[in-house]
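Chains A and B, in that order, give the protein sequences.
All letters in the first sequence, in the order written, are residues 1 to 358 by our numbering.
All letters in the second sequence, in the order written, are residues 1 to 432 by our numbering.
Source of the hints: derived by calculation from the structure; they are not laboratory data.
Values in this document were obtained by computation on a predicted structure and should not be read as measured data.
Hints may be right or wrong, so weigh each one.
Mimicking DSSO-like on lysine-lysine, the simulated pairs with C-alpha atoms at most 30 Å apart in a straight line are [to be verified]:
no. : chain 1 : residue 1 : chain 2 : residue 2
1   : A       : 18        : B       : 356
2   : B       : 55        : A       : 194
3   : B       : 33        : A       : 191
4   : A       : 33        : A       : 71
5   : B       : 356       : A       : 194
6   : B       : 110       : B       : 33
Among the chain B residues that face chain A by a calculated CB cut under 8 Å, a handful are [to be verified]:
no. : residue
7   : 140
8   : 216
9   : 304
10  : 403
Heads up, the beta-carbon is just placed ideally off N, CA and C, and yes, glycines get one too.
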Amino acid sequence: MSQPQMRRAIESGVPDNKQYLHPLLAKNYGDWKYHDRPRPGVLRHVAHGGDEVWTVRAGTQRQMDVHTIRKLCDIADRYAEGHVRFTIRSNIEFMVSSSAKVAPLVEALEGSGFPVGGTGNSVSMIAHTQGWLHCDIPGTDASGAVKALMDELYDEFRREEMPNRVHLSTSCCEINCGGQADIAIIVQHTKPPKINHDLVANVCERPAVVARCPVAAIRPAMVNGKPSLEIDEKKCMCCGACYPPCPPMQINDPEHTKLAIWVGGKNSNARAKPTFMKMVASGLPNNPPRWPEVAAVVKKILAVYKEDARPWERMSDWIERIGWPRFFEKTDLPFTKYLIDDWRGARANLNASTHIRF
Amino acid sequence: MAKPMHPTPMLDELETGPWPSFVTGLKRLAQDKDYMVDLLGQLEHSYKTRKGYWKGGTVGVFGYGGGVIPRFTEAKTADNKPMFPDAAEFHTLRVMPPAGMHYDTAILRKLADIWERHGSGLIAFHGQSGDIMFQGVTTANVQKAFDEINEAGFDLGGAGPAVRTSMSCVGAARCEQSCYDEASAHRAVINSFLDDIHRPSLPYKFKFKFSGCPNDCMNSIQRADMAVIGTWRDNIRSDEALARKWFARHGMNELVNDVVARCPTKAIQLKEVKDLRSDAGITAVRVSDTHGVEIDNRDCVRCMHCINVMTGALAPGKDKGATILVGGKRTLKIGDLMGTVVVPFMKLANDEDREKLVELGQKIIDFFAENALEHERTGEMIERIGLVNFLDALGIEVDANMVAAPRTNPYVRTDGWDEEVAKINARKHKAA
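Isolated chain A, as found in the complex (with noise of 0.2 Å):
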């Protein structure tokens, strides 16, 4: 019997974005002056040459139907020039030649739902991750704790009124995706995983979850005659890491996954170098469909940073100025035990000095 014939892929890669540029933006790559923001949410950069280009910043859910696709392309084509591109924070960019063109494209987008802003010194979208609609180890999910979470900071979206941008990001595990960020939230598993020892040895991989585990606390066993893997509950710190590569060691539990909050963390060189984000507060509870105690530290960090932050300073810079006590009095946060660093490297944490506020 023959084999149906398959088409061969084109590896093509990454396509030519040159293709899909404004034609303003084509003509004038690489020789721009400056920008700067006629109002919350709208760009306006301006060429070598004289030529200027206004853009239109909008939020969008990320994960988006097909409708929603079309709705964003029929705005883009009626109130814009054809041409959008996205932000890595799945915000959506319309260009156009003409600050006529502003108001109107701005009015079609909040008119159709989509909040405008996410420039400058906003709380921009957040980075998410995939969660309960399509990871195969999530503690939570994300698309649903950051709609509930950016219906609460939707003026902050809209507004430029932080002391500096507020980048937040979500994680559905403590191992993986989701980012550094001024606040994270991230999943805190708080109890050992749940070992099935009926499917360990015929679905995974043993000597590859031994390895797998950051504090050497799996070892192989056998369990009921059959070769299973077995935990040292006392050095397991229940970060998740053996489940992927085992999913009969499941980590995730409907009461004792938690979430913790983050805050500090940024990629850009500015001022400081970059930093990673610190843990502030962990325990919360992992409550859909709005998860309203972890909106409500995060809305209590903002308001505290905002109200206390001078202009330009990141979450970061802002803390560093006022040190790590006055910001856990601030913001009404316990400093429990578990927020020592006790990682390798752990000492660079510790305050080596006398420096100390009063």
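Guided by the hints, dock chain B onto chain A, whose structure is given.
Chain B in isolation, oriented as in the chain A frame:
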């Protein structure tokens, strides 16, 4: 018309509130597709039970070993039947975006039409690695969907132990801070590693990211095994007309507190016009008839802060290129790592320069493939073997720009010291 909806009281709550709702989008798709009726059913089940119900598997397209994320339902009844049978398979195609994520409406409509025909109709712009994620397709339709997406000019991205999809910023297309042609570098590099993207055979994932300036809008320093971040070597440029305009609007308090005082290396000073210096390393610009700012570019670390605040009045120099940092990654296994400097500066002005960037990437990936342990990222490998051994293997000379500070302990054998000094002196002599 699709079958009746499952009750979704929890998801329904995510249709309220002002932010665009993905639930409303899912429900719109469910009007036409039983597939999405059951997807909503399973998602509601996750919300109720607070657990995920997808497992991986093996699904792909002809000729490729990666790029499809297989998802099979684990939400099963007592007799092991899928609770939501129409959504029992819900795979994702990861598709590489154009550099800078630029599109026109014609291509977006075309991609939407393809996905409505063969898939769920749900697309994420974009995933955390930069992929357009076409979410939700059955095993039977994966090849059909890919064939049409591929014919439209798009290709699958990476998954598993492979070179992964990359991202570059808006860059030269619309940003005055751009220090190299990000899109050309992005395509030159990634399109040289398509075999390593489509046929996963590395110890673990390997990511490139391209940011046009040290603001690093692509988060490359902590999300890329090899980060290409734009910078410049010569003096910050200035424009007096824009500097005066900025000062007239913002005044002395902001100039002092928000610009001068925030310089991380105190390279910028406020001076009376009569005291402004002018020598080869100095950028001096008047902001008024009486005052100006003076930047000693030898002290400047190219952090971007003053340029961000006084955009146009101050600008990156003309001798542009990129710094290459290696080893950034997220938590698993040894904790988060930032990339660290491996090449302080390289020009990226033309195809020849970009070819050198590709060669560097190739050398790093080859060494990674040979030397990393299974499931070990590049940064972890360097942590294990030491940066000097990594540089030796790459044939890169050490440079004081690679460290925050020299070592603080004596635990090193230095019996090769004299030869190293002789080599450095010989190089200096040759260069002079």
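Tested hints:
Taking the CA atoms of residue 18 of chain A and residue 356 of chain B, the gap is about 23 Å. The hint holds against a cut of 30 Å. At most 30 Å may separate the alpha-carbon atoms for a hinted pair to count; residue 55 of chain B and residue 194 of chain A meet this at roughly 17 Å. A distance of roughly 39 Å separates the Cα atoms of residue 33 of chain B and residue 191 of chain A; the hinted pair therefore is violated under the 30 Å criterion. Pair hint residue 33 of chain A plus residue 71 of chain A does not hold up; C-alpha atoms about 33 Å apart against a cutoff of 30 Å.
A distance of roughly 50 Å separates the Cα atoms of residue 356 of chain B and residue 194 of chain A; the hinted pair therefore is violated under the 30 Å criterion. Among the hinted pairs, residue 110 of chain B with residue 33 of chain B is consistent with the structure: their alpha-carbon atoms are about 20 Å apart, no more than 30 Å. Given hint, residue 140 of chain B at the interface with chain A, is violated; its Cβ is 13 Å from that chain's nearest Cβ, farther than 8 Å. Nearest Cβ of chain A to the Cβ of residue 216 of chain B: about 5 Å, under the 8 Å cut. The hint holds.
Here the hint on residue 304 of chain B is kept, as its CB sits about 5 Å from the closest CB of chain A, short of 8 Å. The interface hint given for residue 403 of chain B is violated, since its Cβ lies 13 Å from the closest Cβ of chain A, which is over the 8 Å cut-off.
Checked against the numbered hints listed earlier, the structure breaks hints 3, 4, 5, 7 and 10; every other hint is satisfied.
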